[in-house]
Structures are given as structure tokens and as C-alpha cells.
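Participant: Each chain is listed here by its residues.
Protein chains: 2
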Amino acid sequence: MKQKGKLYLIPNSLGSDDLNAILPQGNFNIIKSLQTFIVEDLRTARRFLSKAGHSGNIDHLDFLILNEHTNTNEISNYLDGINQGKDIGLLSDAGVPCVADPGADIVTIAQNRGIQIVPLVGPSSILMGLMASGFNGQNFAFVGYLPKEQNLRNKRIKELESRVYKEDQTQLFIETPYRNNQMFESLLGQCNPDTKVCVACDISLDSEYIVTQSIANWKKLKTKPDLKKRNTLFLIYK
Amino acid sequence: MKQKGKLYLIPNSLGSDDLNAILPQGNFNIIKSLQTFIVEDLRTARRFLSKAGHSGNIDHLDFLILNEHTNTNEISNYLDGINQGKDIGLLSDAGVPCVADPGADIVTIAQNRGIQIVPLVGPSSILMGLMASGFNGQNFAFVGYLPKEQNLRNKRIKELESRVYKEDQTQLFIETPYRNNQMFESLLGQCNPDTKVCVACDISLDSEYIVTQSIANWKKLKTKPDLKKRNTLFLIYK
Chain H
1 MKQKGKLYLI PNSLGSDDLN AILPQGNFNI IKSLQTFIVE DLRTARRFLS KAGHSGNIDH
61 LDFLILNEHT NTNEISNYLD GINQGKDIGL LSDAGVPCVA DPGADIVTIA QNRGIQIVPL
121 VGPSSILMGL MASGFNGQNF AFVGYLPKEQ NLRNKRIKEL ESRVYKEDQT QLFIETPYRN
181 NQMFESLLGQ CNPDTKVCVA CDISLDSEYI VTQSIANWKK LKTKPDLKKR NTLFLIYK
Chain V
239 MKQKGKLYLI PNSLGSDDLN AILPQGNFNI IKSLQTFIVE DLRTARRFLS KAGHSGNIDH
299 LDFLILNEHT NTNEISNYLD GINQGKDIGL LSDAGVPCVA DPGADIVTIA QNRGIQIVPL
359 VGPSSILMGL MASGFNGQNF AFVGYLPKEQ NLRNKRIKEL ESRVYKEDQT QLFIETPYRN
419 NQMFESLLGQ CNPDTKVCVA CDISLDSEYI VTQSIANWKK LKTKPDLKKR NTLFLIYK
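Taken in sequence, the protein lines are chains H and V.
Residues 1 to 238, numbered by our numbering, are exactly what the first sequence covers, in order.
Residues 239 to 476, numbered by our numbering, are exactly what the second sequence covers, in order.
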């Protein structure tokens, strides 16, 4: 019987062009050995594979598209090649696959079929923001997006802040990039003066900005960072 | 005025000797440029720096020890060199600094002093286990260790399981390696048959094992994985 292939989970850059700064050499070796990739966006994937030094003709690789337009029934065929011994790469558009990123559905199918899944190392704004925040890394929660509607969002911020104090748990969340400044203002308006907010922005880029201050100190700052359209992770802790 | 130095957060291997498989080339370049390292264990640090190709004489580097025996007052001097323009590396013993790992106290001091903190990319069992589990990566919590005492632990498992269903939040936790098998048995005993458990063990090693099954299916398995003394992350989700 032919040995089954594996599913490799392949991180991408967070926007930086210098892949050697953020991805291990071992990833490039694995990438070059693969012929089939599950990707979110074809153009982004091709650009990444070319920068990663894929030696084959990129036009002859097999690409399977996985994004919000993909039919759930289709997905279940994506891993069929693995039974014939083919390795497949699940490639993220930015950061690591499956964490604040699509891909978990594919991995669930792979787990159900007993396929070996190999996660590769790469940049994660959640992990790197947490490391650099100075906040509790023994107990933390990433909760994704908060509600858009202002009252609901304010209520959610208070809930998360209360979990910081009750459970000693760092709370991490994100916002659509063009609404980052409003989110920051909501945090300053809703949280306790002593509560600390870390703003972790453009992680791994030259413009990287990761600063922790108490709400009281953030309010005193004359020039606040402009977060508009910059990828930003918000963290709160005590 | 001399420019201030930076604090680099430097991940280590999770046990694998092949550093090129799990750390970017950029990390090695930064490591080689540093003369001062804050480390948990001197021997582990020296071994890592030598493998990472630190070209200087490792005996002439400055090492500052940060572990459970370190006096809190001492720590506050560790970053003084940064005012003189020196860059300092905070090096983990295993995985990334500050996440389920000491170091956050140093980073908090650095944040309070307005020091630039640069997190580097490296292997994290939490992140890689979550990626490969197939579980919800848009909403997840890592809660560290559960209580040792059996009744308290069982109660905590039920609490975490209830958060899975109520908040759609993946729950991640760890156990002291020699008690991993007991933890696994407690999960099988406490959780709903439909609840899924992912066991993520020896991540990034040749013996890597990351398998997700429902409680009902885990119970049916004749040979369960032996987790004793192997670094293991447990994840539960629905």
C-alpha cells in the first residue's frame, strides 16, 4: 500500500518582503517539494511561492481555492490526493493558517480522515503581540472581532475587562483596519484608568509599533498613534 | 544623545536540534550581533547560542539569569545597558519567551521605560497545536495548568468545556509532563461524548503527534498514545 501524504500548514509573511527574517529555511525546503497548494487568493499565493524560491514552473502547480466563496462540498475533495501519497500545502495569505485565518475546515477534514498534519513555524501577530506586551502569557484569550454596534461593543469591552480582573486573563482582539482608531477611542472611554492597553501594530514590518500604557497614561499622551488601515492587535490586562 | 538599545525576544527550539527547520535565518543574524542575554539556564543558553552560530567567544558574553530564584529587585537592573545603546536578548529555554514561559516581568519593565521591544519568530506549541487541531482559531483561550487536586481539576474541566459550548471558544491547557496520562484520563472521564479533544505532543520533533478525536472515539481506541514525560498540549472544542 502506498504511504499517505501529509498536509503541511504553511505560514506567510505579515507584509514584509524579507522572508528570511520571518520564515525558517526548513519551510522553503518543504514548499519547494510540494506541487499542490490550497490557497485563499491565487495571485498572493503565486507571489509568495515565487519569493520563497519555488523552483518549478508556478503555472504548472495545482492550486485549490479556499475562501468565503468556496462551496463547502467542494472542500471535501481537496485532500483526495493525499490518499495517493501526495503531500499538500495549506498556505495562508498572511500569518499562520487557521489562527484568525481560514483553513480550520480543511484541517478538521484532515483530522477526521487520520491524515498527518504538520504545522510549520511562522509569524503570528497574536503570539508576537502577546510576547512583546508584557502581559500575562500563562493565561490569555484571543476573541477575534468585537461587535460593530457601539453599545454592544462597549458592553463587550467591559465584559473582557472584567475577565482580566476576575480570571487574571489577558484579552486579545482585532478590528477591521479602517476602524482601528475608533476601537482605540472606545477602549480609552470604557476601561478603568488603571487597566493597561497594548497596541501592537504592523508586527514584523519596519513600522512595527508595540506599546503598552495604562488607560490614564494613554489619555495623557498628546499624540496618539494613528492606527488607521494598519494591522493592529489590541490587548488588555491589569 | 546616544540612541537607546532594543530588547529582542528570542525563541528557542522545542527540543529539535535542527534549528534551520524552526528558526528564521534573520534570528541568527540578530543573535550574532548581541553580547548580552537574559537567560533562564546558563548551560541551555550556551548550548543554544553555540548551535545558532554565535561567532564570539561564548564565555565572554554577558549572561543575566532570570528564573524562579531571581530576586525581583535585581531584575530591574537587567535592562540598564539599553540606556547606553546596548541591545539585549531575552532568550527562552524552550519555545517563545513570555508565552507559557518566564520573561513577561522583564518585558513589563521594558514597556514602562519606553524601550523598543522586538519579538522574533519561533516555534510555539500553543500556536502550532491550535493550527493543527482543526479547532476554532478565531476564538481561543490558553489557561495554563489545571488544578492538581482531582475534584478541583474535574470541576475546572467542566468549566472549560462549558465555555467551549457557551462561547464557541477553543480551550487549551498543559500539564506537568509526568501527569499527562492522568490528565488525558480525566478528560475522557469528565467531558461529553461529542466533545472533541486534540492531543498535541512533541511538536516540531520527529515524534510529533497531533490527533483530534471525539471523546467517544478516544474511548473506543484500543491503544491510546502514551503521553508520559512528553511535552503535550491539550485542546478541547466541540
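Calculated directly from the structure, the hints in this document are not laboratory data.
Model, not experiment: these values are computed from the prediction.
Accuracy of the hints is not assured; some may be wrong.
Said to hold, decoys possible - Under the rule of at most 35 Å between Cα atoms (straight-line distance), these lysine-lysine pairs were calculated in the DSBU-like manner:
{"#": "1", "chain 1": "H", "residue 1": "K6", "chain 2": "V", "residue 2": "K476"}
{"#": "2", "chain 1": "V", "residue 1": "K476", "chain 2": "H", "residue 2": "K155"}
{"#": "3", "chain 1": "H", "residue 1": "K6", "chain 2": "V", "residue 2": "K396"}
{"#": "4", "chain 1": "H", "residue 1": "K222", "chain 2": "H", "residue 2": "K51"}
{"#": "5", "chain 1": "V", "residue 1": "K460", "chain 2": "H", "residue 2": "K158"}
{"#": "6", "chain 1": "V", "residue 1": "K244", "chain 2": "H", "residue 2": "K166"}
{"#": "7", "chain 1": "H", "residue 1": "K166", "chain 2": "V", "residue 2": "K460"}
{"#": "8", "chain 1": "V", "residue 1": "K396", "chain 2": "V", "residue 2": "K458"}
{"#": "9", "chain 1": "V", "residue 1": "K467", "chain 2": "V", "residue 2": "K289"}
{"#": "10", "chain 1": "H", "residue 1": "K166", "chain 2": "H", "residue 2": "K86"}
{"#": "11", "chain 1": "H", "residue 1": "K238", "chain 2": "V", "residue 2": "K404"}
{"#": "12", "chain 1": "H", "residue 1": "K148", "chain 2": "H", "residue 2": "K158"}
{"#": "13", "chain 1": "H", "residue 1": "K6", "chain 2": "V", "residue 2": "K244"}
{"#": "14", "chain 1": "H", "residue 1": "K219", "chain 2": "H", "residue 2": "K229"}
{"#": "15", "chain 1": "V", "residue 1": "K289", "chain 2": "V", "residue 2": "K393"}
{"#": "16", "chain 1": "H", "residue 1": "K224", "chain 2": "V", "residue 2": "K242"}
{"#": "17", "chain 1": "H", "residue 1": "K6", "chain 2": "V", "residue 2": "K460"}
Participant: If any of the earlier hints don't hold here, list their numbers in rising order.
Facilitator: Structure breaks hints 4, 5, 7, 10, 13, 15.
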